[in-house]
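Visitor: Throw the hints in and build the complete structure from the sequences for me.
Number of protein chains: 2
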Amino acid sequence: MAQSTLKTKPLSNVAITGGTHGNELVGIRLVRHWKSNTSHVTRQSFKTHLALNNIPAIEKCVRYIDNDLNRCFSNKEVVATGNGYEVKIAHEIKEWIATNNIDFHVDLHNTTANTGALLILTPTAAQSMLNLQILAKLRCSFNFPIRVLSFAGKSLGGGILEIAGCGFGFENGPVPHGTLKADLFKQTSNVTCKVLDIIEEFNQGVQLDEQELEVYEFERVMFFPKDGNGNVTAMIHGHLEGKDWVPVQKGDPLFMTFSGETILHEGDEEIIPTFINEASYMEKDVAFIIVHNTTVKLQPVQKC
Amino acid sequence: MAQSTLKTKPLSNVAITGGTHGNELVGIRLVRHWKSNTSHVTRQSFKTHLALNNIPAIEKCVRYIDNDLNRCFSNKEVVATGNGYEVKIAHEIKEWIATNNIDFHVDLHNTTANTGALLILTPTAAQSMLNLQILAKLRCSFNFPIRVLSFAGKSLGGGILEIAGCGFGFENGPVPHGTLKADLFKQTSNVTCKVLDIIEEFNQGVQLDEQELEVYEFERVMFFPKDGNGNVTAMIHGHLEGKDWVPVQKGDPLFMTFSGETILHEGDEEIIPTFINEASYMEKDVAFIIVHNTTVKLQPVQKC
Numbered sequence: 568m569a570q571s572t573l574k575t576k577p578l579s580n581v582a583i584t585g586g587t588h589g590n591e592l593v594g595i596r597l598v599r600h601w602k603s604n605t606s607h608v609t610r611q612s613f614k615t616h617l618a619l620n621n622i623p624a625i626e627k628c629v630r631y632i633d634n635d636l637n638r639c640f641s642n643k644e645v646v647a648t649g650n651g652y653e654v655k656i657a658h659e660i661k662e663w664i665a666t667n668n669i670d671f672h673v674d675l676h677n678t679t680a681n682t683g684a685l686l687i688l689t690p691t692a693a694q695s696m697l698n699l700q701i702l703a704k705l706r707c708s709f710n711f712p713i714r715v716l717s718f719a720g721k722s723l724g725g726g727i728l729e730i731a732g733c734g735f736g737f738e739n740g741p742v743p744h745g746t747l748k749a750d751l752f753k754q755t756s757n758v759t760c761k762v763l764d765i766i767e768e769f770n771q772g773v774q775l776d777e778q779e780l781e782v783y784e785f786e787r788v789m790f791f792p793k794d795g796n797g798n799v800t801a802m803i804h805g806h807l808e809g810k811d812w813v814p815v816q817k818g819d820p821l822f823m824t825f826s827g828e829t830i831l832h833e834g835d836e837e838i839i840p841t842f843i844n845e846a847s848y849m850e851k852d853v854a855f856i857i858v859h860n861t862t863v864k865l866q867p868v869q870k871c
Numbered sequence: 568m569a570q571s572t573l574k575t576k577p578l579s580n581v582a583i584t585g586g587t588h589g590n591e592l593v594g595i596r597l598v599r600h601w602k603s604n605t606s607h608v609t610r611q612s613f614k615t616h617l618a619l620n621n622i623p624a625i626e627k628c629v630r631y632i633d634n635d636l637n638r639c640f641s642n643k644e645v646v647a648t649g650n651g652y653e654v655k656i657a658h659e660i661k662e663w664i665a666t667n668n669i670d671f672h673v674d675l676h677n678t679t680a681n682t683g684a685l686l687i688l689t690p691t692a693a694q695s696m697l698n699l700q701i702l703a704k705l706r707c708s709f710n711f712p713i714r715v716l717s718f719a720g721k722s723l724g725g726g727i728l729e730i731a732g733c734g735f736g737f738e739n740g741p742v743p744h745g746t747l748k749a750d751l752f753k754q755t756s757n758v759t760c761k762v763l764d765i766i767e768e769f770n771q772g773v774q775l776d777e778q779e780l781e782v783y784e785f786e787r788v789m790f791f792p793k794d795g796n797g798n799v800t801a802m803i804h805g806h807l808e809g810k811d812w813v814p815v816q817k818g819d820p821l822f823m824t825f826s827g828e829t830i831l832h833e834g835d836e837e838i839i840p841t842f843i844n845e846a847s848y849m850e851k852d853v854a855f856i857i858v859h860n861t862t863v864k865l866q867p868v869q870k871c
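Sequence order for the protein chains is A and B.
At position 203 of the first sequence (counting the first as 1) the number is 770 in our numbering, and the numbers step up by one without a gap.
At position 148 of the second sequence (counting the first as 1) the number is 715 in our numbering, and the numbers step up by one without a gap.
All the given hints hold, so there is nothing to weed out.
Where chains are identical, the list cannot tell them apart; a pair therefore holds if satisfied intra-copy or between any two copies.
With a cut-off of at most 20 Å between alpha-carbon atoms, the simulated SDA-like pairs for lysine to any residue come out as follows:
(1) K602 x T824
(2) K627 x Y652
(3) K864 x L573
(4) K602 x D794
(5) K627 x G651
(6) K627 x E850
(7) K761 x G827
(8) K817 x T829
(9) K602 x V799
(10) K851 x V629
(11) K761 x S826
(12) K602 x K793
(13) K643 x A618
(14) K753 x P792
(15) K793 x N604
(16) K602 x N798
(17) K721 x V788
The set of hints was computed from the structure by calculation and includes no laboratory data.
Guide: Following this line, the structure appears as structure tokens:
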């Protein structure tokens, strides 16, 4: 049976931000480029707002100064406390989003892992049917794979996208932090501009039809093996390196110890790893995250 | 005509250090591993000394705290001045090397560039015939390419290896800073252990025969293109990405501007680029370095 069409308000204020993590250069350079070339991101039916989120971290080319800014938010609130620099700017960013009535937020990231182009949903953003429809249309607009990763069920916690409540983190990799890769730069630019086109069409009255969206859901993190003193004893096995999204079966290599021994996946269940060898996970001894895939049926959406 | 044999004292104290740059994890984890497993680096005829050079930078997983430690030295002296943290530890490292009579120093690095395994010579180290002979023998010991890059003529300046005066920086890439790659880890381990074997053989009386050594010599740095305000306007072109050591001819792509235009190599002369897209060069707007290759005839060396 066909689903009824959901009527939703057009979007009025779209934010495109970079530099939530100061060493992820693709988004930083893109936002700077668009600030000097606004025609690329200007559309008739809504206003586009450009911002760099953590200037001191950008200047130092580090992920953060005191705390991970992308772990400071939850459910439209700043939840991090203390005197850290990022707690201060988290409040300013919340204020900026409220003042500008941002109703769709694209936050640009990149990763050292071989994730490819990836749309990340924080818990609130995963509940918006319009948001899911925009992502589904975006996925179909390119001939390279674009995956969707949802933190709706369980969250690493605190994403900046929680404030606007609608939108996504655009992640792309592999690229070392502190560097640029021309192909990923171009891809990130094309995907972001296409989102703006899709929103423009929706605002102009084009209906987003009933369809299905394949979504990876975050399940848990996998830590590196440790010895009795809590010291990490191994690294990602060469066989697993770059194999994000490829199911791992019992007996497949996961880690290589610093002495050269291979550690296998010993669980009976298949696991799907991603963010393998993401640099920022190292400080938490996280080797990769484990996801599972599911398909979500999307209700048609039209502007009211 | 055969060259006369140079008689050189055996080596007594070999230093293997990591963490000169705190975000280059391969050397850091290897040195830690060997500190707990000293048998891998212990040889009969000399003492092996293990050290991590910049602990606070390692703890923060950043290249340096105040200054690049590997630009603080010259000609057996600490030349950097000021109150920066690295200036302080540069003096301590110089003292440590002197106190332990280090006569051969291997400093472990890694890079985001696709350099492969690379032996780096600072000006003083490039003058030691024993050193060049050890490098030549090392190159022949593996079935993967190991290149030699000399800063003898012109220097980026200040390498830590200037103090011991003999030895080399072992560079390996590509690997994002703040991460490990199992294959590069193993390669770095094998090459370092092989150096110790070669020194052991030399100390036991094995002559290092007359031979030739292919050396790349540093020529100059290539900056990213900039606009009239001094802002970088481009990134490494996808065609050049990962093509370290591959000669670039007139008309080959070098850069892609943030607007998507290709910038070609317009010079008539062929250039050989390396350290393409090394993350730490970004703060200086350096895109890559340009080298040329030459062949050095090596005199036979035997211990006296």
